[in-house]
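J.: Keeping their order, the protein sequence lines are chains Z and E.
Here this note's numbering is used: position 128 in the first sequence is 956, and no number is missing along the way.
Here this note's numbering is used: position 199 in the second sequence is 1027, and no number is missing along the way.
To be clear, the hints were calculated from the coordinates, so they are not data collected in a lab.
Warning: the hint list may mix true and false statements.
[What the hints assert, rightly or not] Think about it this way: if two alpha-carbon atoms lie no more than 27 Å apart in a straight line, the pair counts; the simulated DSS-like pairs of lysine-lysine are:
hint, chain 1, residue 1, chain 2, residue 2
1, Z, K851, E, K982
2, Z, K851, Z, K902
3, Z, K902, E, K851
4, E, K862, Z, K862
5, Z, K902, E, K902
6, Z, K862, Z, K851
7, E, K862, E, K902
8, E, K982, E, K862
9, E, K851, E, K902
10, Z, K982, E, K851
11, E, K902, Z, K851
12, Z, K982, Z, K862
13, E, K851, E, K862
14, E, K902, Z, K862
15, Z, K902, Z, K862
[Said to hold, decoys possible] Taking beta-carbon pairs under 10 Å as the criterion, some of the chain Z residues facing chain E (in silico):
hint, residue
16, P848
17, E871
18, V874
19, R892
20, D895
21, I939
22, R949
23, Q951
24, L957
25, E1118
Computed from a prediction, not measured in an experiment: that's the story for all the values here.
Heads up, the beta-carbon is just placed ideally off N, CA and C, and yes, glycines get one too.
There are 2 protein chains.
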Amino acid sequence: MPDVTRRADRLPGNRYGNRPTMKDVAARAGVGLKTVSRVVNGEPGVTPETERRVQEAIDALGFRRNDSARVLRKGRTASIGLVLEDLADPFYGPLSRAVEEVARAHGALLINGSSAEDPEREQELVLALCARRVDGLVVIPAGDDHRYLEPELKAGVATVFVDRPAGQIDADVVVSDNFGGARDGVAHLIAHGHRRIGFIGDMPRIHTAAERLRGYRAAMEDAGIPVEDAWMSLGVTDPERVRRAAEEMLADPHPVTAIFTGNNRVTVTVIRVLAGHTRGVALVGFDDIELADLLQPGVTVVAQDAAALGRTAAERLFRQLDGTLLAPDRIELPTRLVTRGSGELPPSD
Amino acid sequence: MPDVTRRADRLPGNRYGNRPTMKDVAARAGVGLKTVSRVVNGEPGVTPETERRVQEAIDALGFRRNDSARVLRKGRTASIGLVLEDLADPFYGPLSRAVEEVARAHGALLINGSSAEDPEREQELVLALCARRVDGLVVIPAGDDHRYLEPELKAGVATVFVDRPAGQIDADVVVSDNFGGARDGVAHLIAHGHRRIGFIGDMPRIHTAAERLRGYRAAMEDAGIPVEDAWMSLGVTDPERVRRAAEEMLADPHPVTAIFTGNNRVTVTVIRVLAGHTRGVALVGFDDIELADLLQPGVTVVAQDAAALGRTAAERLFRQLDGTLLAPDRIELPTRLVTRGSGELPPSD
DNA sequence: TAGAGCCTGGACAACGTTGTCAGATGCGGG
DNA sequence: CCCGCATCTGACAACGTTGTCCAGGCTCTA
């Protein structure tokens, strides 16, 4: 019963539930408004005795500075926005955490949202963040046209695109070497004797997917292997369709002996499919996955450093805000081939 | 070179890089300030012709409403804070995403931060969020004393604790049935003939860890098995120490035949240890892990529904804000035993 | 003891928006 | 033709904070 009462006290109706303001603190401490402000912000020019009185009033009233008003006055929000595809995807966890750490080191908070790979939702999120006047944005773009950001950039919102480049505008970009990584991964399979190699990846409208596909084609071409259409499955995303695509490749009268998978989710599904087959099919996946080393065989992957992507992007963001970074640039981080067994299986025809 | 110029335009010095305000829009459209406000907010009482002129000016200037000022005026920020332990932990990804989805459905943005299991950092984060006047807080507590939140609760900040209960204050709590889940998991091992069962878990000061330990003890007691100290390892967290703890249990002259692990990270490490042993040791872990079904043997786990935790918590939060939820309550979500093989191995003495 | 200089404290405006209220305009009816 | 009413528009204050600037009191020195 006392609970109900207490909760009822805080119902809507009064702004912020009637929090005390600096004015209230000043009145209680018997000092001027600005003096309270000075104490709260640790500015000099307040005698210890006055400071004590003010501090006492603050504690007694449970005063907490209203940063909304502060932001309005100062023009900096000390917060940055992060727009990514899906917070729940294990690839974005470390990236997100890395951005957060850098933000924290600069005294900024992180606001984030998932675009769910929907360009409209991405725009909606980005603009909402701009309306809050975040100091900067780290964006993993879903769409490929970011001209809607022009006014924001001009207005001084620091912006860095990660994982995929910006579309139609000139902005900082931090990406992995998707092309090179995929090429190396496929070349690795070729080096182990494979010639009929399947590729299962996301829609080529997604930049990373297109680059990885390009890497696949380049490796095949370098080896003088003509690619057959039946070996490629593009744009499949959901597990069921990935499963079907893989099964079809393997059921072909002249089946693939190896598969290169375009991202972590596809890799996981294909692992499941292969687990149901007795014939050994080689596999190299883009993106590392947890426990990949404990499977039989271990899963060979092209790993990218998600944390480094996030860290690099966030650091560039704050350098933009410092003013120590002038020209937009494109940074490409290397990938790393991790051999664990699945990519070293010989062809079994 | 043009880039440098463009970026230089947006250097600090002028607030928000001199964004246009409603006043500017009003001047350009030749209307009053309030009329612009009406158009921006879709309020009625504006002739189509006037609206067109205003809209034109908005587009021409690239105006975007300043939500900081709006918040200051209206008293609601339409944002909620989420404080968790580590964004990069795969357990929190789905939880975080679920909270975000609910927030989105209510038109709110999500600000989040990682406490890194440090009570001080948790408090710092929570208070920073309160200073921003978030409408509500979802907290996965690191500390066990939350009296510092008293003034905030009184001021009307909706608050829900998830995964672990609040300390020293009366607040909404959403948790998994850690005790029951652990008891069932251990009972499962006992049912398969094990009597010497090890437990490796986190520090008992963490509520979930303590509850799971209690579940372990209860199951053993129910079966009339006295627990030996050598079977329990508490407070180990980092992989190296977990590894040592597991090795010691297995090296004992009278070793354990099964291990119950207290969370996903411990489970993963122990899987690695067991992979190096030939003797079959049974394993049941708390928390599900990806690919657990593909290992040999598959890993039996007590799974909790992280997304449901987040969703439930966020929904309660918004019901607090609605005013449809009056008394703080404690909600316990069930866990689910997923048998995959490792927990069904017979004792091998 | 008077004057200069320093230190502390406070009054006031401004940040960009929204709520209130009153003024202006246009229209129809008496 | 004038009044009343409805509709549209704009002036103004307020939200809670910080930056500017000035007043008053003190100390120190000549």
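J.: Confirm or reject each hint.
T.: Results for each hint:
| no. | hint | result |
| --- | --- | --- |
| 1 | Z:K851 - E:K982 | holds, 19 Å |
| 2 | Z:K851 - Z:K902 | holds, 19 Å |
| 3 | Z:K902 - E:K851 | holds, 19 Å |
| 4 | E:K862 - Z:K862 | violated, 31 Å |
| 5 | Z:K902 - E:K902 | holds, 19 Å |
| 6 | Z:K862 - Z:K851 | holds, 9 Å |
| 7 | E:K862 - E:K902 | holds, 15 Å |
| 8 | E:K982 - E:K862 | violated, 35 Å |
| 9 | E:K851 - E:K902 | holds, 19 Å |
| 10 | Z:K982 - E:K851 | holds, 19 Å |
| 11 | E:K902 - Z:K851 | holds, 19 Å |
| 12 | Z:K982 - Z:K862 | violated, 35 Å |
| 13 | E:K851 - E:K862 | holds, 9 Å |
| 14 | E:K902 - Z:K862 | holds, 24 Å |
| 15 | Z:K902 - Z:K862 | holds, 15 Å |
| 16 | P848 | holds, 9 Å |
| 17 | E871 | violated, 17 Å |
| 18 | V874 | violated, 21 Å |
| 19 | R892 | holds, 6 Å |
| 20 | D895 | holds, 4 Å |
| 21 | I939 | holds, 5 Å |
| 22 | R949 | holds, 9 Å |
| 23 | Q951 | violated, 13 Å |
| 24 | L957 | holds, 8 Å |
| 25 | E1118 | holds, 6 Å |
Checked against the numbered hints given earlier, this structure breaks hints 4, 8, 12, 17, 18, 23; the rest are met.
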